[in-house]
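Participant: Here are the chains, one letter per residue:
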Amino acid sequence: MKKILLSIIMILASVSVHAAATATELEGSFKVGPAIILILILASFILVGLLFRAKDTTDYYAAGRGISRIGSGMAIASNWMSAASVLGMAALMFGMGYHGLAYVVGWTGGYVLLLILMAGQIRKYGKYTAPDFIGDRYYSQGLRVFAAIIAIFISISYCVGQFGGIGLMFKWILGIDYMLAVFIGAGVILFYTLISGMLGVTKNMQVQYVIIATSFLIPLFVLLFKYDYFWLIPPIGYGSVVSDIVTGVPLNDAKELFNIYGHSFSIVASPEFAMPWAESSGGTFFQWMVIVFSLMIGTAGLPHVLQRFYVVPNPRDARWSVVWGLFFICIIYWTAPVYAAFGKMLAAHPEVGTLAVDAIVVYTAQLGNVNPLIVGLLAAGGVSAAFSTTSGLLVAGASAFSHDLYVKVINPEATAKKQLLIARLGTILMTVIVALIALLELALIAELVALAFSLAGCTIFPLFLLGIWWSGSNKQGAIAGLIAGSFITLISLTYFITGKLGVVLPYHDFINYWLGAWYFAWVGAPLAIITNIIVSKLTKPTPYEVRKFLVENVHL
Amino acid sequence: MENNQIDYHVSFFKPKTRRTLKNRNMVLWLVIVWATAVFGFQILLRVIEKPVPEPAYNTFVSVWDNVKADNASVEELKDFANSLSFVIGKVYIKEEYKPALSNAFSWSVFEVADDEKDELYNVLKDFKKAQAETDDILNPNYIKSKKTLEDYIAQLLDIPDNDARKPILPFSMSLQKKDSYSAENMELTEEVMSMYLIHNRSVLTDTIFLGFPFHYFFTAVFLLVLFIGLCLTYCIITDRREAKEQLL
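From first to last, the protein sequence lines are chains A and B. Sequential numbering from 1 applies to the first sequence in my numbering. Sequential numbering from 557 applies to the second sequence in my numbering.
Mixed in with the good hints, there may be bad ones.
[Unchecked claim] Sample of chain B residues facing chain A (criterion: CB under 10 Å; computed from the structure): (1) E667; (2) I724; (3) Y772.
For the record, the hints were derived by calculation from the structure and aren't laboratory data. Every residue, glycine too, gets a C-beta built ideally from N, C-alpha and C.
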């Protein structure tokens with residue numbers, strides 16, 4: 001036993017020495033300590049996935065409906081906290097200041113809507129997937145297929161941002177090319193999602209939450225303590241950092257404090273970091289408001305989020321799992337701006353150079369001369385966040401592919417074994433598509449993810465909202481609403497993609513501003529809802545059985 | 557077959573039972589609090605804010621006409637360069653604006669140097685050479701040339717030793733002793749200066765609460781607490797209601 005312990009200590013000591021040697025290199029080198037931490041964490045994911053692997057389709061889709069409230073809350077938080085939360089949010093605030101807070105508010109406030117309007121009711125309805133609910137509530141195979149395709153699109157769009165984050169972190173840790181990093185990350189996540197399914201994924205998500213939260217918080221305590229701020233409660237302690245950025249910190253006041261390069265902890269007054277809608281941030285008041293709105297309704301329309309409510313034993317647990325989930329999410333969201341603020345201070349000297357904004361969380365810890373192993377843990381936490389979300393998304397996408405398209409439409413006689421096979425094939429296909437799109441590096445991680453929210457807000461959210469709360473919403477109304485929402489989506493995405501390809505379509509600036517790819521749901525969702533209501537009023541009423549089910553099973 | 561005795565209908569706005577009525581009212585209250593806190597506060601912020609320039613912007617405006625007309629005095633050029641350095645020193649400047657700012661700053665510093673232009677040029681050249689020769693920022697030759705240039709420019713512009721702009725000065729200069737300040741860059745400079753030195757401020761942004769500007773605290777910290785509070789309220793009330801109705 002002693003020999004084993006001694007060996008472990010020797011290995012850790014050796015890792016620390018190597019890690020320290022590479023600590024001052026922000027990019028381009030293989031970082032031994034972080035790499036070992038990453039490998040250990042990935043191995044633990046696979047081990048947990050294997051231990052709790054899916055045995056049948058109920059396990060695969062809904063984790064046997066045996067997850068506790070707190071466990072489900074942790075899984076919701078882990079599933080939710082993607083690379084966009086852990087890496088992307090700080091990046092947005094680093095680059096856009098107060099404008100970036102729109103994402104913090106949008107991505108948390110949506111849970112209030114989700115809880116009071118949907119969570120319990122979705123669980124009471126008792127379906128496995130979002131397309132399942134839509135197909136059943138609107139008694140339409142066509143809508144089920146359409147919803148399944150949209151769910152797959154949402155999962156792909158969301159996953160692209162995650163793969164980008166995984167690529168960046170693998171690149172940073174392994175010192176390899178971004179393209180190779182994306183493929184390695186894709187391979188690992190595919191492997192463990194395939195062998196585990198949602199039961200393994202749900203257990204993994206709980207482990208992942210602990211890793212994400214621990215790795216994210218430790219460097220903040222260190223940074224606040226080291227730079228002489230109130231460190232006991234980081235979400236409060238960094239207030240003075242924000243105020244220091246606004247007023248500036250002269251050299252004398254900071255002479256004992258340095259970044260890793262020995263630059264003084266000083267900064268020229270930069271009020272644009274905290275002042276609302278600074279012109280230099282590139283964001284306006286209008287954009288701030290519509291981003292918040294779109295992200296909020298998108299939250300209540302994301303298939304992989306809605307799917308989490310199917311895995312709890314009853315509606316009461318579904319409600320409480322949202323509260324726990326939001327609490328766990330907020331622990332990270334309260335602290336993400338701290339990285340942006342310290343990043344501003346520590347990267348103030350031109351010698352630091354231009355940093356990859358999406359990796360600012362890791363660079364900030366590194367510039368603050370935090371122990372390389374802790375920085376490595378932070379990077380591994382970033383990967384873990386991307387992994388947890390991606391696995392949930394892949395399961396949601398594969399569910400839409402196998403359960404909603406294959407079993408419900410193409411081959412209703414399919415055996416359980418066949419269903420599982422199709423789900424796994426769907427997962428492989430999605431992974432390949434996502435990895436290829438991620439290589440294009442279309443936008444910042446958080447922006448790519450915000451696109452998925454708008455898509456969900458325009459399509460899935462109106463169908464759930466009206467489907468639960470108004471029995472008058474019928475098949476025809478749902479189809480019309482979905483077409484309206486999809487039309488707005490199509491316009492926005494066409495302008496976004498052509499813009500990226502360098503093609504300027506008529507009214508380019510107008511559409512890009514008013515129907516931006518990150519927030520087009522502010523038009524699409526209300527339009528889809530209004531269209532749904534008008535068409536439903538003008539057409540044949542919802543069948544008696546559907547209304548009866550809604551009253552007796554969902555609202556009683 | 558439809559049973560005409562029971563009208564099965566669900567409408568959020570037209571609840572049919574006491575229970576659904578109570579639920580609707582609770583949801584509406586929560587949504588009102590939620591929307592007021594999220595959107596109402598930002599609207600208030602927008603309504604009461606005023607564009608407030610940093611002192612450097614006022615300095616810039618006071619000398620800008622003479623700089624543009626190319627008849628600024630040495631003191632005015634010094635003020636101009638100083639105001640520019642407040643923008644150059646900010647951490648996140650868009651790449652597209654950097655050349656114009658560098659052109660403006662370098663030109664004005666060389667103009668301030670007047671008879672010492674050649675000397676400044678040589679100091680700057682030494683620094684650029686040392687910078688090109690090494691990637692190691694701890695290289696003694698690089699550090700020495702950087703310090704010499706830093707002190708030289710700081711002295712020219714009367715920038716005190718403890719000023720946070722001082723370490724940034726050597727990196728703000730380009731080798732352009734004889735170049736002019738282009739009309740295109742002049743136009744861009746004016747735009748960039750107002751963009752980075754005028755901020756929307758109000759009593760909500762200038763009040764400090766727990767170390768934060770108040771509006772920042774409200775948005776980044778308080779709103780999240782509120783969201784959890786709203787969710788908790790909903791769950792507790794719904795649980796109590798269901799327990800009362802023996803649904804649990």
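Participant: Taking the closest Cβ pair, is Y772(B) under 10 Å from chain A?
Facilitator: Holds: closest Cβ of chain A sits about 5 Å from Y772(B), inside 10 Å.
Participant: Per the CB criterion, is E667(B) less than 10 Å away from chain A?
Facilitator: The hint is violated - E667(B) has no Cβ within 10 Å of chain A, the shortest such distance being about 23 Å.
Participant: Under the criterion of a CB-CB separation shorter than 10 Å, is I724(B) in contact with chain A as hinted?
Facilitator: Where the cut-off is 10 Å and the nearest Cβ of chain A is about 6 Å from I724(B), the hint holds.
Against the hints set out earlier in the document, a violation occurs for number 1 only.
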